[in-house]
Structure formats: structure tokens, C-alpha cells
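Residue numbers (numbering that gives the first Met the number 0), protein chains in the order written: chain A, 0 to 272; chain B, 0 to 279.
FYI, nobody ran anything at the bench for these hints, they're computed from the structure. Keep in mind that the hints are not guaranteed to be accurate.
With a cut-off of at most 25 Å between alpha-carbon atoms, the simulated PhoX-like pairs for lysine-lysine come out as follows [unchecked claim]: (1) B:K9 / B:K179; (2) A:K89 / B:K18; (3) A:K89 / A:K103; (4) A:K89 / B:K179; (5) B:K257 / B:K179; (6) B:K18 / B:K5.
Examples of chain A residues toward chain B, derived with CB under 7 Å [unchecked claim]: (7) G39; (8) A123; (9) S126; (10) M127; (11) T129; (12) F130; (13) M131; (14) I177; (15) T186; (16) S226.
For each residue, glycine too, the CB sits at the ideal point set by N, CA and C.
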Amino acid sequence: MSFIAIYHIARNEFYRVLVHPLTMVIVAIMLINTFIMVNGELLDLKTLSIIENVDVFIHAYYINGYDPNFISYIMAAFLGVTAIAEERAKGTLNVLSSKPLYRKDIILGKFVGLSVSMLVIVIALLSMMTFMLLYLYGGPQSLTEFLLRITAYTMSLWLELSFVIAFTLLIGTVLRNILMSMAITVTFLSFEWFWRNASTGLIETFITRFPITPRTLLGWIINPNNSLENLFYTSMPFYSWLNDAMPYIVLSLVMVLTMLYFDCLAVRRSDDL
Amino acid sequence: MGNLLKIAKKEFQDLLSSKIVLIILIGYSFVILCQIYFIYNSLSDGMGETRLEYDALGMAFANRLFSILTDSYGPILGIMIGCASIASERHGNALNTLIAKPLYRDTIINGKLLGSMAFLALFICATIIFYTSSLLILFGDAFAPTFSDYLSRLPVIFALSILLIGIFMALSMLLAILIKSQAFAMVMSTIVLYVSINIENLARPLSRMMFPAQEIQAYNLIINSIPTGYLKPLRDTIFSISIDGWDAFQLVLPDVFKFALFLFIACFFCYISFLLRDVS
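So that you can see chain B by itself, here it is in the shape it has in the complex (with noise of 0.2 Å):
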């Protein structure tokens, strides 16, 4: 158990240091600051509520939220602290180092999904602060009666973000060790998460070609098996603002046990790998 901390606690201070995950902060950075100028422009020229989608203004910004954290954006970078975590250590021949010491592989395996994990969640915890305060300091007036609102929906975003983002962060790193070239593993894993995004497209086509009596049930269970096409019909229910929070998450909860099996799957496959697998 000790080993396995420190290990985790180097992961995630490797991480913390890590240029490649810096490069990417940066951009997601100038993403967050896109979509609060998106909402100060479309609250300034007073048809906020039309294009913000949403009735009660706190549901909006959550909504904003949910999509900047899932909508392609946070798997990117799930992707990117997959590939660090592996590749930083195989390029400087680290992991050797580390394989040659007298621990499991399964403990240098486990630190590293524990550590990049807390990594991700910090990084979420992070971004949920810096745009709630951008918010509150831009249109505190305006969102302070649906704030509640807002507040109540986090942990659900929470949840459903880290858990949607775990994945391919525990895809990437599967490629990582699977392939020897750190770059090419690197563009395969956002090869994965185009594959992904456009199975949603293929979705119906698909359907209606195979199985063309019973294309609507093909359509939703080809994308009920894919992370990112699962997280679209959620949003209905975790944004309606006919229930409270609570309530939505308890809608929801089903739904976030699915995702943490996608996410066991995805640590599976990374764990086996590991082991079996000359990384050095």
C-alpha cells in the first residue's frame, strides 16, 4: 500500500510537471475563456436565455460546464495525461528503472491510474472553480437566483466528467503500452476518440442498413455502447428543471455505473497489458 502511494503521488507530481500536459492546459484554457466570452456576448445583446438553450440561467451554465468538460475537449486531454504517463517514463527510460525495483508490476500499474486519476480530478475540480467564479464575478446579479440550481448539478458533472474522461485517458494509456512509438500511440488514441465520436453519425445508417426492421432498438444500443454517444440523452434529464438535483442524480445514478464499468474495462485491459507486455 505504501508503494503504491508513492507511486501515485509521483505520477501526479510527474504530471503536474509535465510539459505535454501543460501545452494542453493552455489550450483548454483559451476553450473555458471562449465559452464565458460566448455567454457575456449572448447575455449583453439580451437574447441569452434563446441561445443559451435553457430556461433558468443557472441550468445553462451548468449545461455550458457539462459540455466544456465532455464535449470532446476533456477526452482530448484525457488522452494527452494517458500518453504523458507512459511515455514521459518509457522516453527517458524511467520505467526500467522503476521495473528493476523490487516491487509488483501491478503496483507501478495501480499507482499510475491512481495518480492520474487524482490528477484528473483536480484538474476538473479546477476548471468547475475558475469558471463558477468567472461567472459570478461577470453576471453575479443575474445568477444568484438559480445558483442553487447550479450548485446541484456539480456533483452529477462531476461524476459523469471524470468518469467519461478516465476512459480514454485509460484508452491512451492502454495504446501506450501496446505500441512502441510514443507519437504514433499518441495519434491512434485520437484516431479512438474520432472512431467514438463518429459512431454517433454512423449510428443510423448502420441501423437502418442491417437491421432495417428494427432500426430505432439498433440505433440505441449501438449508442448506448459508446461512452460519448451514452452522455447526449443524459443531458435532458440532469438539466430539466422540473427536478431538483438530488433527484437527477438519482436519475442518473444507473447511468454513472455504467460509465465507471467503461472506465473498469478500460483500467482491465491497461492493467493486463502491463503485465503481460515487454514495456521496458
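Only chain A is shown next, with the shape it has when bound in the complex (with noise of 0.2 Å):
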């Protein structure tokens, strides 16, 4: 494994995110959507500072939660599933395959630039959030409970779309057809999203005991007691939320680490790169 040559792809990886169109769809219609809510929607929240140890500033994190976590997975997904497909289609990864790299490298170095890029981006997107709150509300009741809750809330979504990626990046190398992997990816993104609700009863109830995909593993995280109190409600203790989260965490880092194995495998058995 050649770090250098990691660094070079990566780079290169997180270039193409920053500049390609999706980019500045997700950016654009998020730069909307929270404008709307937290100007709107969120304004309900300040009767919720009469409620105990509740902090409305970081409470509304919980209420938007849905649409960035959903916007972001999307854009990660796609980007997984193109990452190899697309070069494959374009002939681009002939080229790559030539200079003198492990095909792991290629994979690993995708992954890595991919996975930086997300992690921006959804910074970029809490940012905005937080930039319109603090016009809104003034700032939270306290600064440290602020900071940790939300830098936990980054890494568990950077940790639930670096999944997403990986996944996705499999799909891409061991389908040959770009077109069949993106329908694998978007019925797989349905199930995540859409319609996980008319399953109720029958995957519901395997999911909460196997949580595997990678949006149940981030419900579970935010979540961990199944209980009224998540992440977003002060009046759980960080360190005790930290406690109660860390089999998910571990769990998320194992599934992240056996698709990023399963990734290497399929890119090295695959012969037409």
C-alpha cells in the first residue's frame, strides 16, 4: 500500500465532488429549505424553552435533522456508485490502471477523497444551519454542551454516509452497467427512506434488533436508549449519551471497515480494470 498514491487519488476524488453539479444542487436547495424552516417552522420551537433542559438552539438540530441527513445520503450514494462506474464508462480507468498503483490504492484512495468531501459538505451544511440560528436565536444556553453535541452529530452522519460510500462503491465496481448499479443504488436508497414505513412488522422488527443498514446504525447512535431522550436533549448527559452510543459507534466503524475490505476484494478480483 502506497500512502502517496492514497493521498494523490483522494485528492483528486474530493476535486471532482467540489466541483460537480450535484454539488451545487444539494447546496443550493439546503441553502432554501433551511432559510424556510428555521425562519418558519423552527420560530414554534422558542415555546419550547419553557419545557426543562431543553436548548432550543440545539433542539432544532433534532427537528431539521431529517432533510440534510437525507439530502446528504442521496449525494453520497451517487457518488459512491459513479466513483468507479463512471471512469469505468468514460475508459478513464484504463489509464489509472496502468500507472504503477495497487488496485486497492485506487479504491482506498476513492473512498478516502470521497468519504473528506461528505465530511465537508455536511459540515458546510450544519454551518448554514447554525449561521441562521444564531441570527434567529441568539446562541445556545451553552457553548460546550453546543459544540460537543453538534461535532457528535457531524461524526455520526460523516460515519453513516462514509458507510453509505463504501457500500455504494461496491456496487459500483461489481456491476459492469453504471446504469444497473444507479438502479440497485436508488432501489436500495428507497428502501432506506420510503419505504421502510409499509414494512411495518416484518423488517421493522429485524432491523431494530440487527440494526445493519446505515440509516437505522445513525437512528440507533442519535438514539441509543429507544427512548424520548436522544443526542438533542440536554437532559441526558453527553457522556452518558457517549456511553450508551459506543456499541453503535464500533458497530458502524466494523460495517464501514468490512465494505471498505469487500471493496478491495472486488476491485482486485475484477479484470477488466
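Using the hints, build the complex out of the two chains.
Printed below as a string of C-alpha cells:
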């Protein structure tokens, strides 16, 4: 393994994401979305301040958590699936494979680049919301609590997106046809975000017992006790949350590493590289 | 007319054998099975009528069928059909061959739209038959007294479903024509669906923010201007047990025309973009 090679591929991938039209579309949608939510819906949150131990400023991220999560999920899935598949379709993967590189360096470089760029995008999306909330509410009750919890949320979201990237990289590597890869990714995405509501009783029980999909794992990290109190409720001490969420954080890391192992395996066995 | 039907037939056959559509159909079948399992569970524990939300069982089953076909499950299928319809030909360069034939371009796009709509109609009919027969097999005795209520709602469900899914299918075809990268077109279509669903959530804060004095009117205006949001208030009319099926159909007929107008606009843009854009 060559770290220099991984770094160069990762940097290249990072710039590809930054100038990708999808990045601009996503940021524009989130800018409009957050502006409307903060100025309209979240005004109701002011009434919540009368409830003991709820910091409205932090709780707003919970109320508006669905959209940044969903939109960054779509983006991670798309970028993950096209990272190898698009290069294969354009023929540029042949150029890359003719260089003195290990195959696993290519996949690891792409994963690192995509993962870091998603972290940057998540930080940008959440910062955008923080600035709007600062304008509206003036600031959190406790700066330390806020920084701890929002950093934990950002890292959890990043972990989820890294899992999505590693999984979709696998789909893009194994399948030759980019459209087929995309169709499988959209079907998976539909299950995660739309169709699981329809599966009441059947796979919900399975998912609750075995949290193995990215979104379910994120749900368990944020709300490890499946109770009314979670990461965004200041009534639950931060270290108590961290203690409860740790098994799910470790499980997420294991899932990401397992997926990466399969990615490396798939790219090594791929005969068109 | 002959060429139009030939292209429509080819499109229909292509969609039937498309692997992309097959993948989404497998996923969709799983959703239908999950719904049937949910109904089975709900009725087994004696809480069926409470959990299924409606007093009459036939109406509750019809409502579930409507959910299966419209609540974002159907639109996803529409997106896949629309993308597969344009992408498969672009990918295999078959579109170039088709355009080089002595055919008007509008014949090609009309044929594609016709073939895709026929496939959609077949899919909805198959879903209705599969769902209904499963319910009859599992709950025949309980279902029989209200079966006529259920049957009377099927034409409305069919009409609204095909129009809603057709809108998203035409939109994804439009994006597949406009955007060169077909994978990007597919993800953009998914984002369009997300935006459409999200507008329902944003309608209240937006109307509160922009028009605080006329919040309710502004909210209704926003909701009525998007297909997915417009559908929800119709449920109470369609599945009301106080009116029969024909009356329900007559009551929602103006809304059916409105949906048809949405579909017409989406198809029109699709048509114009195919005629004007270099799609080879």
C-alpha cells in the first residue's frame, strides 16, 4: 500500500466532488430549505424553551435533521456508485490501472477522497443552519454542550455517509453497467427512506434487532436507548449518551471497514481493470 | 399512426425485458408483501379496524392499495421507467439508429410515451390483481361483505395512480433527455421526488413566513400546485363510507382532470425538449 498514491487519488476525487454539479444543486436546495425552516417552522421552538433542560438551539438540529441527512445520503450514494463505474464507462480507469499502483490503493484513495469531501459538505450544511439559528436565537444556553453535541452529530452523520460510500463503491465495482448500479442504489435508497415505513412489522422487527443499514445505525447512535431522550436533549448528559451510543459507533466502524474490505476484494478480482 | 404503434410496441417490449425495471419491480413486490403482512398482523390481533384507520374493511383495504400505488413507492417506479426508457437507447446508441430512420422525431417520443404509459397501466393492473387476490385468499370471509365497496373504488385508484406515476415518469424522461449523464439524470429525478415531497413540509413555514396574514390560503395554494401534496386531501373523499363509489368518482373528477393537466404539461416539456435538443 502506498500512502502517497492514496493521497493523490483522494485529492483528485475530492476536487471532482467539489466541482460536481450535484454539489451545487444540493447546497442550493439545502440553503433554501434551511432558510424556510429556520424562519418559519422553527419559530415554534421558542415555546419549547419553557420545557426544562431543552436547549432550543440544539433541539432545532433534531427537528430539521431529516433534510440534511437525506440529501447528503443521496449525494454520498450517487458519488460512491459513480466513482468507479463512471471512470470505467469513460475508459479513464484503464489509464489509472496502467500506472504503478496497487488496485486497492485506487479504491482506498477514492473512498478517502469521497469520505473527506462528504465531511466538508456536512460541516458546510450544518454551519449554514448554525448561522441562521444564531441570527434568530442569539446562541445556545451552553457553548460547551452545543459544541460537544453538534460535533458528535457531525461525526455520526459522517460515519453513516462513509458506510453509504463504501457500500455503493462495492455496487459500482461489482456491476459493469453504470445504469444497473444506479438502479440498485436508488432501490436501496428507496428502502432506506421511503419503503421501510411500508414494512411495518416485518423488517422493522429485524432492523430493530439487527441494525445493519446506514440509516438505522445512525438512528441508534443518536437515540441509543430508544427513548424520548437522545443526543439533542440536554437533559441527557453528553457522556451518558456517548457511553450508550458507543456500541453502535463501533458497529458502524466495523461495517465501514468490512465494506472496504469487500471493495478491495472486488476491485482485485475485477478483470477489466 | 402505424410507425407510432410500432415504436410504442417496441418500447413496451423493451420495458418488459429491462433489467433496471426488473430490479425496481422486485423491490416493489417486497413492499406489497410487507403491506399484506401488516394487514394480516393487524387483523390477527383483533385490532384491525383501529390500526387500519377505517371502519369498513373494504375501504381500509382500498386505502392501503392507494398508499402502495401513490405514497412515493409508485413515483419511484415512474422515475425508473422514465429513465430506463431513454437511457437504455442512449446507452446502446440505439437512439442514433432510430433518429436516422425516416421517422418524425415526434413519432419517436409519442411512441415512447404511449408505450411507457401502456406498461404503467399493465403494472398497476397487475398490482391490483395481485393485491386483491392475496386479500381474498387470506381474509375471504371477513372481506366478502365489503368487497363491493372495495371494487367501486378501484377505478378512482387506477385513474389517480396512473396519472401520478405518469407525471414522475414524464419528468424523469425529460431529465434523461436534458442531462447527458444518465446516472446523473436518475439521481436528479430522485431529488425532484424529494423536493416534491418536501414542499409539503415546507408549505406551512413558507406560507407563515411570506404571507402571515393569509397563511391558510397561501398554504392551500402551495399544496395544490404539487401533485404529491394535492393527493392527500382527496383520501377523505375517495374513502368516505357515507358515499358510494360512483359519487366518490364524480366528486374527485375535477381533481382527476387537474392531474391529467399536470401530466400533459410534463409530457409537453418532454416532447419539446426531445424535438429541440440534440439527443444522440
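For each hint, the structure was consulted:
1. B:K9 / B:K179: Since the Cα atoms of K9 (chain B) and K179 (chain B) sit roughly 23 Å apart, the hinted pair holds (cutoff 25 Å).
2. A:K89 / B:K18: 22 Å, holds
3. A:K89 / A:K103: Distance of about 20 Å is within 25 Å: holds.
4. A:K89 / B:K179: 13 Å, holds
5. B:K257 / B:K179: Given that 25 Å is the threshold and the Cα spacing comes to 31 Å, the pair is violated.
6. B:K18 / B:K5: Distance ~22 Å between K18 (chain B) and K5 (chain B) Cα, so the pair holds.
7. G39: Result: holds, 2 Å to nearest chain B Cβ.
8. A123: 18 Å, violated
9. S126: This interface hint is violated because 21 Å lies over the 7 Å limit.
10. M127: 16 Å, violated
11. T129: At about 18 Å, which exceeds the 7 Å cut-off, the nearest Cβ of chain B leaves the hint on T129 (chain A) violated.
12. F130: 17 Å, violated
13. M131: 12 Å, violated
14. I177: This hint holds: I177 (chain A) lies near chain B, its Cβ roughly 5 Å from the closest one there, short of 7 Å.
15. T186: 4 Å, holds
16. S226: This interface hint is violated because 23 Å lies over the 7 Å limit.
In the structure shown, a violation is registered for the earlier hints numbered 5, 8, 9, 10, 11, 12, 13 and 16, in ascending order.
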